[in-house]
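Sequence lines, in order, name chains Y, P and C.
For what it's worth, my numbering labels the leading residue of the first sequence as 142, then goes sequentially.
For what it's worth, my numbering labels the leading residue of the second sequence as 36, then goes sequentially.
For what it's worth, my numbering labels the leading residue of the third sequence as 100, then goes sequentially.
Hints are computed from structural coordinates only; laboratory data are not their basis.
Certain hints may be false.
Straight-line C-alpha distance at most 25 Å; calculated DSS-like pairs for lysine-lysine [as the list claims (entries may be wrong)]:
(1) Y/K1015 - P/K109
(2) Y/K701 - Y/K767
(3) Y/K370 - C/K257
(4) Y/K1015 - Y/K1100
(5) Y/K966 - Y/K1029
(6) Y/K392 - C/K257
(7) C/K257 - Y/K782
(8) P/K109 - Y/K1031
These figures come from a predicted structure and were not determined experimentally.
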Amino acid sequence: MKLKKKQTADTASGKSTSAGMLGEAINRRTFLRNSGITAGGAALAFTGGPSMMKKATAASTSPQPGVETEVIRSVCTHCSVGCGVMAEVQNGVWTGQEPDYDSPINMGAHCAKGASVREHGHGERRLKYPMKLVGGKWTKVSWDDAMNEIGDQMLKIREESSPDSVYWLGSAKFNNEQAYLFRKFAALWGTNNVDHQARICHSTTVAGVANTWGYGAMTNSYNDMQNSKAMFFIGSNAAEAHPVAMQHILKAKENGSKLIVVDPRFTRTAAHSDQFIQMRPGTDVPVIWGILWHVFENGWEDKEFISQRVYGMDQIQEEVAKWTPDEVERVTGIPEASLKQAAQTMAENRPGTIVWCMGGTQHTIGNNNTRAYCAMQLALGNMGVSGGGANIFRGHDNVQGATDMCILSHSLPGYFGLSDGAWKHWSSVWGLETDWVRSRFDLDSYENVGGKDVPTINRPGMPVSRWIDGVLEETEQVAQKDNIRAMVLWGHAPNSQTRQPEMKEAMEKLDLLVVVDPYPTHTAILPDRQDGMYLLPACTQFETYGSVTASNRSLQWRHKVIEPLFESLPDHTIMSKFADKLGFKDELFKNIELNGEEPVIEDITREFNRGMWTIGYTGQSPERIKEHMEHRGTFNEVTLKAEGGPLDGEYYGLPWPCWGTPEQKHPGTPNLYDTSKSVADGGLNFRARFGVEREGTNLLAEGSYTVGAEIEDGYPEFTADILKQLGWWDDLTDDEKALAEGKNWKTDQSGGIQRVAIQHGCAPFGNAKARAVVWTFPDPVPIHREPLYTPRRDLVADYPTYEDRKSHYRLPTRYMGIQKEDFSKEFPLIHTSGRLVEYEGGGDESRSNPWLAELQQDMFVEINPADANDISVKDEQMVWLIGPEGGKIKAKAMVTNRVGRGVVFTPFHFGGHYQGEDMLDKYPEGAAPYVRGDADNTTMTYGYDSVTQMQESKVSLCKIEAV
Amino acid sequence: MAKSKMSKSKRRKIALWSTFLVLSLSLALPLASYSIHWLGASASAQDASNAAVNPKSKFWKQVRGGAEGYSAVKGEGANVLVQSGGEDWRQFREGPIMKKAPWAIVGMAVLLLLYHLFHGKNRLDVNSLSGRMVPRWNTFERMVHWITAFSFIALAITGISMLLGKQLLIPVLGPAGFASWAGISMSVHNLIGPVFSIGIALMIVMWIWHNFPTWTDVKWFAKGGGLFGKAHPSAGRMNGGEKVWFWILMTLGVAVCISGIIMVAPIYPQINIPFIDTSRGIMQQATIIHAVGAVIWTAIALGHIYIGTAGTEGALEGMATGYVSEEWANQHHDLWFEKMQQKGKVLLPGEPRGAQDQAGTVYNRQTKHTTT
Amino acid sequence: MARMKFLCDADRCIECNGCVTACKNEHEVPWGVNRRRVVTLDDGQPGEKSISVACMHCTDAPCQAVCPVDCFYTTDDGIVLHDKNLCIGCGYCFYACPFGAPQYPQQTSFGARGKMDKCTFCAGGPEDDMSQVEYERYGRNRIAEGSLPLCAEMCATKALIAGDGDEVADIYRERVLRRGGRPQTWGWDTAYEG
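For reference, chain Y alone in the conformation it holds in the complex (with noise of 0.2 Å):
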């Protein structure tokens, strides 16, 4: 049934033929070779002339008439909706996609891109077999030499420098067990230097959002916004990012829910908007400022709800309270009218819910936007309600997933940081001493904390957004043994980050350059290099199985539609060869069974599941899971909650947290603090995270609690300790007992303390207050604060950026010293970003497929009339756009009213073409995308959030000329 290594060499040597004339049962190659008799037999029966279709495509695909046809379900990989794919395979060939009208979540729908994943099973453009760069041309290698030749080189430097010198950068696009191995691959490899695109993505929400409730994700659902008055858009272009969820909230806006969208452009979700406001990018605080400036002015906030459930919203008020209208007006562009006319559609029309996207988070001061939404959610008492919430669009297929596996370099999965405590506790669920783990790092420190030198282990590496100064920064600037020396992007898109010209002479720096994904990606031909830079094909998730997080934080299983193409293997299996060749293979799998060389998917899950008890990743079981993908029908499309059927009352999904052991049947939490529920029924509060009282005030709630608790006000979060006092100790069983001795409800591996707190109707983190005001981030109430390339030179100093930093996740950090230079004056224009509906990501694998790329075959620049009229460009011309750090691209102009005067916008899906230049020849034959053209990323700029170090790409400034 595969299509193997085996057969395409015997096709080579001719061989081929002898498969079918033995007598096997039919391969996909005989299938082809079969149907492709039938189909030149059919047509010279007719005289009609040629056929439309190419006879390859179509014998390579169609549906064979009489042949047994096997429906398998499967979910997107393209956005975080997670749309239910039905896929239907005859003898192994995936010949036809089927609507999935039983999905909940896209009750069969499916925008550009999940309407055309059916391509994945041809995979014309695909990274068909692992290549090697041999004097600048790529060579063909076998799996076995690449992976010994790669490794060698890797634990070489890691001899010489130390194991940080490797920088393992994964992927939103790995299911989740694939997302937890890769973490647990790196920490056992013994470096914090791995990341993955939530960095460049949501990283400020989660941060931000986590800081201020509790949990960093999507507090309610796509399909729950069918219950919202309100809906808020703030850097958001659903319509064109997460288009799916379009229909939930167009069905809400029909049943009477307002709709206004914030956002420098007229995007098409503003299209379908109530009110549409424009601001100036960047602006986003004082956007929110200035609404809550007018909700307070008018007394619409919610005081029982802010009393009883928010901590500081005092401060927030004396910081809105600068925020006059008239200041809003000058520093955003919006005027007064039309923010109060906002704050009243809000006021007036609640439970109303907010969402955000790349265009809140992407800046210097991304966590002081998310802050400052999650604040004006809590000042209207929109949150822990059904149809309110802060509905967090993430954006890949699997981002929310891979973040909560935490492939990010300041944590464990389940966010447990990198505490010794951390380390413990997953050493515990690994099977592993936790010395042992530890005697894997680079043992010396290099950050003095505290007045405490702490060891690399307990430090967060460098974040894929600031990978190219690990390698490029001087080494006695970098908060680790040497630079970053070798650099594994595995399945990542390097035209998706900023400072491109920067990023290819990193690439060119390094001593070794892997890359593992299905395509060869922009990293492919961004580097000028001669030798050391290897790419081996991964397969895509329809060639794999495994469960996947959708935004909505519920966990769907995606059946394996058809056999890895060509060389390709599942990212697990690459994986377990690598471990294998760097001599941990035992360790990494030692509770997880091999197939070969494939570990058991299932065999993950379970080990996950026994470990991230924070945020409830515990209850999924896999066998949980695909009977959640089974019944799909039987769950209710706007509550997401099963009747009837063997899945009864549970959620769809088990969107997390969905407590304790799978045992338990925990129904999953469809909205996050919803106390109008028990928390055994999907009922919370918010979680009690930042200690019981600061400063004399308590922050643990106060006379709000979820339905049925036993303790009807705050309580603090669950540990043995507690429950003894609680006198509910007794509840856990003699085995419970015995594992949950000196545990909380996040390290107790029986799941007792937390089956005993719900028993008695309470949450086990805790009830406690969010808090509006984060006392341990740099801004502790979300402030203005300038871009680092900003054209308002007036505001810079009303409004300035922070001071440098000398090491901010082992890198040193530069704020004032960018912002202090004036580049307005030769780059006038604002420059920012976004999506297509057509492309996805760095769009490797979208302008690869035809059906796709057909549709967009251009890279653009959005330029108002006005400016294009200044500087003489006319619709369709092409441009030179320039950045003020020296990148520069070409592009058509698009003279559109879409943006706004002064402002312009470019998709941030191309890649292929560098500064004006197609690198065609620079790919692996046949494996160059369908379109290419310049990375807009070329010409975004340096700045990276206080917090998280996310980069700042949804504003920077550039000029435009003609070419």
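Given the coordinates of chain Y, work out where chains P and C should sit on it, guided by the hints.
Relative to chain Y, chains P and C alone:
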């Protein structure tokens, strides 16, 4: 019989005028339809601006009017939701072009038949020929003429097949049979069209100098071209009728050729073809011009063919061999014949012809000089 | 007998092009041929609206009227199909069609456009239902399989509706009633004045 003899000249006049009427009507009718359309369009536009209606209707009216937008799909007309030109095009094609214009061909054929039956061939006035020959068309002229002529016949047959085959040929050949004939017709039409166009172009270059109207032509027309009655009006190398035919060839012919070239251009060219606009609207107009022009032209060509073959004794011989008899030349192109005599171009009986062909060409140019 | 129709609810369409790629996917339509497309009017300006359009399977179909070889036929379900055995690729249907539905696979000169291709309402062509030949020439025959056109079935926001004209009209009427006079588009002050 006496009665018929009495009214013979009157009948001829009626026939002449009715031919003229049919021709001018077939030209004018299409325009009439356009003008009605224009009037209608402007009237409805006024309605829309005056009335206070819901904004959606204005929006949709614009859409209906072919408003352009954006589409990720690239291709001719892809950014237009609704184009109304197609409906006008369809009405015009189904109406005037298919139902009315072809009658011009039938009408012409009937007229010629009647003329031939009642009037008969225009014979030479003399009964015996001297045998002296005058070189009239050189080899190149004849080659161009005949290639163009045969191309025309092929184009006319295939063109009419495609225009009217749906009504006339499907009942005979059946859908599959006609489809394959239509397929062949289209290929033949598309391949021969360019050959024909080159022929037309060459004719224009070769003959335009001989076809500027003169007083002689006015007198020639005043006498009805000698079509009726015994008198032969004077004419140079080209008589008035031939000049009219030439100018029809020149105008309608060029229109048909250019519109034809537009029609065979790709609908969505990957690269812009210089000087050719292949937008859908232009293509629609091209097919209209092509069809109207070709049908009228076919009708007139029937006349030309008749006059050149069955209608005039000795005319075909001229284009077939390049030489006409002294008597024919004198009867039909007396002024030209005189000049040929003066130049000594008239061949004695039995004199070899080959050398004179070149002479003929030189003579043409000399004539040009001498007349001006 | 049912009369099959498409309807695109312009208040729902978000120009995600899902219908376009669903069609490409279902019928393996080659590059350059687009049986369906989305047109956005007033692009980037208040009042912006997107509408998905393909062959509308007209009752008095202009393509059918002008086709010189009469290759079009209307099925019992009211679907306008054509026979590629008869089509000569003359381009007349493209000139006549109000919606720009007819597409041509070849774009060479001398009028060689290839057989016209257009939306079949996922109902194949004159060949045997669900046969290999039918698939190669016209794509999949979903109507014969008992399904509706994939573009509509996969529409992201259920803007594109396909099916029996009466039922399609009922669905749309219900939506319009639910929306009342409230405009669904930024830039439209009211849906109906007064």
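Outcome of the hint check:
1. Y/K1015 - P/K109: holds (19 Å)
2. Y/K701 - Y/K767: holds (13 Å)
3. Y/K370 - C/K257: Distance ~21 Å between Y/K370 and C/K257 Cα, so the pair holds.
4. Y/K1015 - Y/K1100: holds (16 Å)
5. Y/K966 - Y/K1029: Holds, at about 17 Å.
6. Y/K392 - C/K257: holds (10 Å)
7. C/K257 - Y/K782: holds (22 Å)
8. P/K109 - Y/K1031: holds (21 Å)
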